[in-house]
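Chemist: What follows is each chain in one-letter form.
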Amino acid sequence: MARQATMPSDLGPRVVMALSGLVFVLLMLFGLLMRASQAGMIPVDPALFYQLMTAHGIGMVGTCGFAGAGIMWYFARQYVPVTNGIFWGFTGLFLVGVVLILAAIFLMGFAAAWTFLYPLPAQSGGVWDVNAAVVYLVGLLLVGVAFLILYLDMGWAILKSQGGLGQALAWPTLFSGSTNAPPPTIVATTVVTIVNTIALVPGAAIILISIVNALVPSFGIDALLAKNMIFFFGHVFINAAIYMAIIAVYEIVPRYTGRPWKTTRWFALAWNATIILVMFVYTHHLFQDVVMPAWMLVMGQVFSYLSGFPILIVTTVGLLSNIYGAKVRWDLPLALLTLGVFGWAAGVIPAVIDGIISVNKVMHNTMWVPGHFHFYLLLGLVPMAFGFMLWVTKTKQADALDGLSKILFWAYVAGGLGVVWTFLVGGAASVPRRWAEHLPQWQGVDAVSTIFSVLVVVAALYFLIRYVVGFGGQPSKSEPAE
Amino acid sequence: MHAIVLWVSVILVLILSAIFLSVIRSSTGSASAESVGKTANTIRLLSFWGALVFGAALLYITLRPWPHALPPSDDAITVTVIGSQWSFEVDTETVPTGKPIVFALTSTDVNHGVGLYDENYVLLNQAQSMPGYTNRFEYTFDKPGTYRLLCLEYCGLGHHEMAGELTVTSSTASAELGRK
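Chains P and L, in that order, are what the protein sequence lines are.
Quick note: the first sequence, position 168, residue 168 per my numbering, numbers continuous.
Quick note: the second sequence, position 112, residue 112 per my numbering, numbers continuous.
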């Protein structure tokens, strides 16, 4: 598919990635503090711990989406006529939302976790005021509106340029084997636009209901329905964040290998299937809400298993076949992108295992849960984002992965694996998640995790500094492999 | 269960790591894109069908019997647990071994989770405790001792301090006590 003759400036996504990198590092520091506190290495008051936990959770989820949107928009603008002003509007509104969220947490004491499970925001047990809940929820609503605006513009640009959703989703390739398919970026962008637009609607609705409930307590909603809405929105959103970041792999890896990444029938099938799968999987968060209809819980287990595989298989096999025997000259961006696909694929393993109801009975809400999602975020999405950032600012021809960059890449790998496995070991030892204070017998693993967290923070800071120093640079391999 | 889950994860991640490392080692060499593409297609096809067949088997094995099934009410003792920020009110202090215990959970305020832990802090079972609903799970104790109920759903500042206790006596001792 032809690229656009003129396209919007890439300054917007570059700024978004700089902010995302900065926030990633700051929130990693929050994570480090929490683990050190659980280990008993430093004293952190439980009230502050839960504020840090809320900021870490909502900050990471939001920033994963923010960084994913930056990557998606950077590449999508090459194919479809997206609007530069809308991207800046998205960035501005997102940041206003972030300011409100931070004010609610650190100035007003809000600490209901990023999932803001109804009716906790309005019923804090006297810890924070309802105004704090309202400010937090309004901030979250603005972030949601920012994404909605971005997706509406993206959807409009896709429809205008692709001649319909079917074409953008590569249906001719899927159903009749046509070779005239849109590039993977467009297929992935279209899928993300559809699923996240759908998810943001109930997300915005439950936020609004929670705001009204905080102001007018007599106005309530069924707690189970609220939980369904929150997890539907939250699950789709964080998965879509990963799907957006994967576009960096589809676009950048072929420029190193000279082997194009095309939309094949398998690719189209996997991404189209994901539209359905990702939207019906959220009930695996509700396995312990036993009053849920049994068929919904069975659906959660079935889709939990199925949803991971299609695009995971096409992406993992696609990446490995792209680099195998391709005379690749490794550098930091490519290493990080490859690590990102590994982390995502590996994270699916403990996730799928926890998606079995009988296993979930003894693993749900233990440290196993942060273990699996840190696998595909800390070792998946985040390295993909840093890989993109270091590729986009790379001014020289590929220099080998050596010296400091090699040391810090492996420090990140070791630190990330250490953080993830100490979570998983904690989960297997039944350690509850989201506890400000840990029993002495749990603190040994917490201490080890803290040390690994230091490695992650140092390495991530190095990636960020490299990006900031090279901010004005252009990728040396800017043309995709045809 | 806990150790099996951990070791299965370790083994599968190690296999995946070995595949990645082996391909990365081969990435600096030369291979025809066409032949690699054909092999990749075969792997893709096998992975899809393999995953589907394995998934169907896994589904059958893990959902039979239904994991949330409860025993007939005549056979079970019901223990009601009511969560409120930040304590559990448990209506029964002592239960016997060998008899199904159904834990009926609800909440007066926000969402809580009730995790049943043994004396070594191993999680045995759990369910959510939420306002407006009663969730139930069953556990049959085979060892006497002091068991703990810990909160497993974040519920605010006192979340980590929210705990209850349940004493389990041997069924023989309980029967003798009943005769006295």
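I should point out that these hints are in silico values taken from the structure, not numbers from a laboratory.
Heads up, a few of these hints could be off.
To be verified - Chain L side only, calculated, beta carbon under 7 Å to chain P, not exhaustive:
(1) Ile4
(2) Ser22
(3) Pro67
(4) Pro71
(5) Ala76
(6) Ile77
(7) Thr97
(8) Pro100
(9) Gln126
(10) Asn135
(11) His160
On a predicted model such as this, the values are computed, not experimentally measured, just so you know.
Glycine is no exception: its CB is placed at the ideal position from the N, C-alpha and C atoms.
Chemist: If you take the shortest Cβ to Cβ gap from glutamine 126 of chain L to chain P, is it below 7 Å?
Modeler: It holds, given that the least Cβ distance between glutamine 126 of chain L and chain P is near 6 Å, below 7 Å.
Chemist: Once the shortest beta carbon distance from proline 67 of chain L to chain P is found, is it less than 7 Å?
Modeler: Holds, because the Cβ-Cβ distance from proline 67 of chain L to chain P comes to roughly 4 Å (cut-off 7 Å).
Chemist: So, proline 100 of chain L near chain P? Judge it on the closest CB pair being under 7 Å.
Modeler: The hint is violated - proline 100 of chain L has no Cβ within 7 Å of chain P, the shortest such distance being about 15 Å.
Chemist: How about asparagine 135 of chain L: closest beta carbon in chain P under 7 Å, or not?
Modeler: 4 Å, holds
Chemist: Given isoleucine 77 of chain L was flagged as interface, is its beta-carbon under 7 Å from a beta-carbon of chain P?
Modeler: 18 Å, violated
Chemist: Restraint: alanine 76 of chain L near chain P, CB-CB cut 7 Å. Satisfied or not?
Modeler: 15 Å, violated
Chemist: Against chain P, run the beta carbon of isoleucine 4 of chain L and see if the smallest gap drops under 7 Å.
Modeler: Nearest chain P Cβ about 9 Å off; hint violated.
Chemist: Does the nearest C-beta of chain P fall within a distance shorter than 7 Å of the C-beta of histidine 160 of chain L?
Modeler: 4 Å, holds
Chemist: Any CB of chain P closer than 7 Å to the CB of proline 71 of chain L?
Modeler: 14 Å, violated
Chemist: Taking 7 Å as the limit, does the beta-carbon of threonine 97 of chain L come near enough to a beta-carbon in chain P?
Modeler: 20 Å, violated
Chemist: Less than 7 Å between beta-carbons is the criterion; does serine 22 of chain L satisfy it with respect to chain P?
Modeler: 9 Å, violated
Of the numbered hints stated above, those contradicted by the structure are hints 1, 2, 4, 5, 6, 7 and 8, listed in ascending order.
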